Amino acid sequence: MRVKVMSRSADEFTRERSNDLQRVSRNYDPNLRTQEKAVEYVRALNASKLDKVFARPFIGAMDGHIDAISCMAKNPSHLKGLFSGSMDGDIRLWDIASRKTVCQYPGHQGAVRGLTVSTDGRILVSCGSDCTVRLWRVPLASGIESNNSSDSSDKLLASYVWKNAFWAVDHQWEGDLFATAGAQVDIWDHNRSVPVNSFEWGNDTVISVRFNPGEPNILATSGSDRSITLYDLRTSSPARKLIMRTKTNSIAWNPMEPMNFTAANENCNCYSFDARKLEEAKCVHKDHVSAVLDIDYSPTGREFVTGSYDRTVRIFQYNGGHSREIYHTKRMQRVFCVKFSCDASYVISGSDDTNLRLWKAKASEQLGVILPRERKKHEYMEAVKNRYKHLPEVKRILRHRHLPKPIYKAGLLRRTMADAEKRKEDRRRAHSAPGSLMPRKSVRKNRIIQEIE
Amino acid sequence: MEIQDISDDIDVKVKKYQRGEGADLEALKDKKLKGQLANREELYKKSANAAAKAEKWLMQTEAGRLESEGFEKTWRFSQQSIAQEVDVSSRKNQFDLVLPDLGPYTIDYTSSGRYMVTAGRKGHLAIMDLHTMKPVKDFQVRETVRDVVFLHNETFFAAAQKKYTYIYNNAGTELHCLKEHGAVLKLQFLKNHFLLSSINKFGHLHYQDITTGQMVGNYRSGLGRSDVLQVNPYNSVVASGHSGGTISMWKPTSAAPLVKMLCHHGPVTAIAFHPNGHLMATAGMDKKLKIWDLRKYEVLQTLPGHAKSLDFSQKGLLASSTGSFVQILANSSDSQNYDRYMIHTMVKGYQIQKCLFRPYEDVLGIGHSMGLSSILVPGSGEPNFDSWVANPFETLKQRREKEVRLLLDKLPPESIIMDPTKIGTLRTSNKIQKATKEEKEAEKAAAIAAAKSGPQKKKTKGRSKPSKVAKKKQEGVEKAKRPFAEENKHAEMVVSKKKQKRITEANELPKSLQPFVSRKAGVDI
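For the record, the sequence lines run as chains A and B. So for the first sequence, the numbering used here puts the first residue at 5; every next one is plus one. So for the second sequence, the numbering used here puts the first residue at 8; every next one is plus one.
Just so you know, the hints here were simulated from the structure itself, not pulled from any lab data. These figures come from a predicted structure and were not determined experimentally. Check each hint, because a few of them may be wrong.
Far from chain A, by Cβ distances over 10 Å, these chain B residues were calculated [to be verified]:
{"id": "1", "residue": "Ser96"}
{"id": "2", "residue": "Leu230"}
{"id": "3", "residue": "Asp300"}
{"id": "4", "residue": "Pro311"}
{"id": "5", "residue": "Lys417"}
Covered stretches of chain A, as calculated for chain B (at least 3 residues, CB under 8 Å) [to be verified]:
{"id": "6", "segment": "11-23"}
{"id": "7", "segment": "80-86"}
We put the beta carbon where it would ideally sit given N, CA and C, even for glycine.
Please work from the sequences and hints to get the whole structure.
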């Protein structure tokens with residue numbers, strides 16, 4: 005007979021010295037664990053409740069401007085610095101970590117309408133409604149902590165006056181050119197005092213301009229004739245134009261998928277387009293109840309943040325129809341500009357009440373240094389929440405957000421109006437002869453009037 | 008050949024880790040969802056493969072086995088001959104404690120298999136640490152003790168005494184007296200839910216949450232006194248066996264049992280559940296031992312013999328004890344049939360009260376009228392434990408951490424269902440049946456009545472003349488009738504189309520056959 009009995013020796017399973025780690029043996033066999041799914045569900049429920057407990061997104065406000073903040077700019081080579089320009093011509097460089105002004109760039113006579121930083125992060129370009137474009141020197145990162153104090157005159161590198169007031173400015177992601185938007189789109193070089201090139205299509209003002217992150221010669225602009233126009237700098241004429249039903253206030257290109265861009269529209273929605281196929285929107289992002297004023301993508305390309313006239317900041321998934329997160333405060337008034345920080349952890353909003361506010365991109369994220377065990381635990385909680393987020397109890401907890409009453413009511417009103425329209429459309433179709441009415445238009449095409457080459 | 012063997016081996020292992028079949032993605036129309044689910048399925052496959060590969064390195068301890076050479080049967084080998092062949096530390100696990108005075112003993116093990124609590128009928132309670140073979144605490148309660156069970160770890164145990172149930176500490180301190188349970192015959196502890204379930208002399212089933220002390224369920228079984236209670240570890244459903252031969256399965260949130268099955272021609276004497284949740288072994292006074300498939304509720308195998316106590320081991324061996332005789336059955340190489348693997352006879356006068364396999368060890372504990380015994384059963388225990396599920400080498404800190412984690416993961420009593428894999432799956436919708444003719448008529452009548460009795464708008468400035476009001480009312484009634492008329496028209500159109508089709512087909516037939524064409528509806532040519 006052959007017999008063997010399982011035997012374990014204690015020293016294989018206990019530690020030798022008290023400063024050793026305890027030994028852990030693992031067996032992944034599912035038969036050892038009963039009712040795994042129920043345990044996971046309970047953990048998902050607890051994780052979503054804890055998520056809500058730790059959701060404190062507001063970090064602080066940066067106070068200093070004395071008029072509404074009209075524009076902001078990120079510095080591509082310095083993570084902590086952020087430029088902001090206000091309606092009275094005051095431009096400031098902020099240190100986000102300490103939330104204090106590092107230095108000021110006074111000089112503009114009217115409102116500062118656009119701010120942008122050059123590719124190497126050394127030159128700040130600003131344009132305003134006083135028809136000037138000014139170039140400023142950005143202090144080095146090491147010297148950014150030292151106080152601004154004097155030599156403000158040193159900082160102004162150049163100031164170019166042109167024919168009309170400017171509405172926006174953007175710099176190429178790689179190169180030396182920047183574009184301003186005003187009565188037409190002007191392309192400037194750093195050293196020339198007159199624009200190198202100028203584009204015009206129609207007689208209306210151009211409201212915003214953005215260069216493509218992947219292809220440095222392509223830019224998108226939006227005009228007050230409800231259009232979005234794509235230009236290529238290498239050809240001397242504009243490439244495509246798309247006319248919509250309502251005006252687009254701002255455009256942002258997806259840094260990870262540079263052929264896609266999202267337009268923040270006046271009719272409370274954001275439309276994502278593929279620049280190669282403008283006849284249909286890729287996705288319609290609906291959740292705001294008032295005009296969306298500014299939009300910025302996260303460097304991961306997976307999310308974008310929008311600021312709107314309805315005093316809220318919302319964060320959307322790049323392919324999601326509804327917002328993942330909404331931030332609002334009683335003191336925050338109309339949000340004119342938003343930026344996603346370059347490490348994808350923070351969102352900065354500049355609003356009408358002269359404050360810049362710093363928020364966390366993920367509301368319940370733990371900031372600072374996280375131990376590897378903590379990180380693993382957070383990852384596990386995320387994964388288990390994602391697995392059970394469709395179940396009603398977990399979904400209810402994850403979805404719950406407090407909305408200010410006017411926004412909640414406005415949202416309900418919009419929904420009833422949309423439902424009424426839909427019902428009316430359905431009835432019209434039911435009562436008319438089949439084939440006499442045009443076929444239904446999809447939401448993604450609905451808002452587009454025409455596309456012009 | 009070798010490579011194929013290895014790949015077959017890996018396939019079997021991967022299947023174990025896959026936890027069922029993948030989702031059927033062909034039926035989905037939503038492309039986005041399809042893509043997301045396809046990604047997930049890919050991830051699951053990868054993780055199953057990784058777990059199967061890691062098994063080689065993680066499984067340090069080898070399982071036990073007993074094989075016979077030649078024509079000898081494995082059940083011919085006695086415990087002494089086995090003891091001569093194994094090493095010293097395993098021989099330690101084979102012992103006999105003679106405690107003749109204090110009545111038949113019943114035993115329970117903690118989930119790690121390290122501690123054992125025993126209760127003698129005449130009031131002897133003892134906890135033993137089986138690694139050091141020393142008693143942790145040993146005391147007398149001077150009252151009949153019918154059953155004893157460990158709670159979530161070795162620091163608490165519950166004893167069903169003469170009138171009430173008591174919860175004790177591992178230091179022997181009485182912590183709680185549970186009066187509501189009454190005179191309990193059998194206790195069982197549901198580990199994931201922290202519920203203590205009991206069945207008492209009158210056949211009443213109680214569920215008590217021992218973390219909050221709340222009585223979660225209190226049900227009359229309606230089938231009289233029953234002294235058989237067993238919990239199914241796969242889905243935490245509690246089964247009780249009754250004197251009519253029926254077994255009823257209960258969950259804490261309903262007064263009616265989930266399942267009632269007629270198992271034996273006489274009273275049920277013992278029940279045991281296989282850890283995978285599919286097999287159940289029952290024994291009755293009709294000298295039969297039946298093995299059931301719990302998915303189809305069918306008998307898989309019937310074996311002759313009595314059994315006072317039944318238990319399945321972690322590896323699927325079945326121990327049955329009657330009188331002073333224990334037999335252990337094993338299903339040889341996936342044949343689904345249990346046959347005798349080992350037997351053990353004790354001294355003639357000993358009456359075995361309970362036999363219980365020790366988790367994570369190749370040991371069967373026997374409690375009998377003259378004390379306790381423990382015999383070696385090679386191949387019964389799971390050789391590789393998972394420290395985060397049950398750790399026989401736990402330190403104090405680890406035990407405390409584990410208690411907190413268990414409490415955080417405590418499942419609510421509502422989560423007990425017959426099929427625990429259903430959590431998180433789609434709820435199947437009931438098919439909408441077409442309304443019958445009477446129902447349609449009733450709906451129509453109701454709609455007309457609603458239209459007739461609806462609020463009449465009274466217009467001012469002479470616009471609500473009686474003739475106009477009557478006309479408006481008539482219009483409302485027509486409107487209410489319209490959808491039904493449309494439906495009828497649609498149905499008639501379908502029928503007329505079918506009729507036309509039939510007539511044309513009939514005309515195509517040669518003339519001689521035309522009189523034989525059936526004109527009845529519903530008959531196809």
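**Least C-beta distance between Asp300 of chain B and chain A, which was stated to exceed 10 Å** = holds, 17 Å
**Prompt:** Residue count check for the segment 80-86 of chain A against chain B: does it reach three with CB-CB under 8 Å?
**Reply:** Result for this restraint: violated, n = 0.
**Request:** Decide, holds or violated, for the assertion that all CB atoms of chain A are farther than 10 Å from the CB of Ser96 of chain B.
**Result:** For Ser96 of chain B, whose nearest Cβ neighbour in chain A is about 5 Å away, the distance does not exceed 10 Å, so it is violated.
**Request:** Report holds if the minimum CB distance from Leu230 of chain B to chain A is greater than 10 Å, and violated otherwise.
**Result:** The assertion about Leu230 of chain B holds, with a minimum of 27 Å to chain A.
**Message:** Over 10 Å from every CB of chain A: does Lys417 of chain B meet that, or does the non-interface label fail?
**Reply:** Incorrect as stated: the minimum Cβ-Cβ distance to chain A is 7 Å, not above 10 Å.
**Asked** Are there three or more residues in the segment 11-23 of chain A whose C-beta lies within less than 8 Å of some C-beta in chain B?
**Response** holds (count 7)
**Asked** Beyond 10 Å from every Cβ of chain A: is that where the Cβ of Pro311 of chain B lies?
**Response** holds, 27 Å
In this structure, the hints that do not hold are numbers 1, 5, 7, in rising order.
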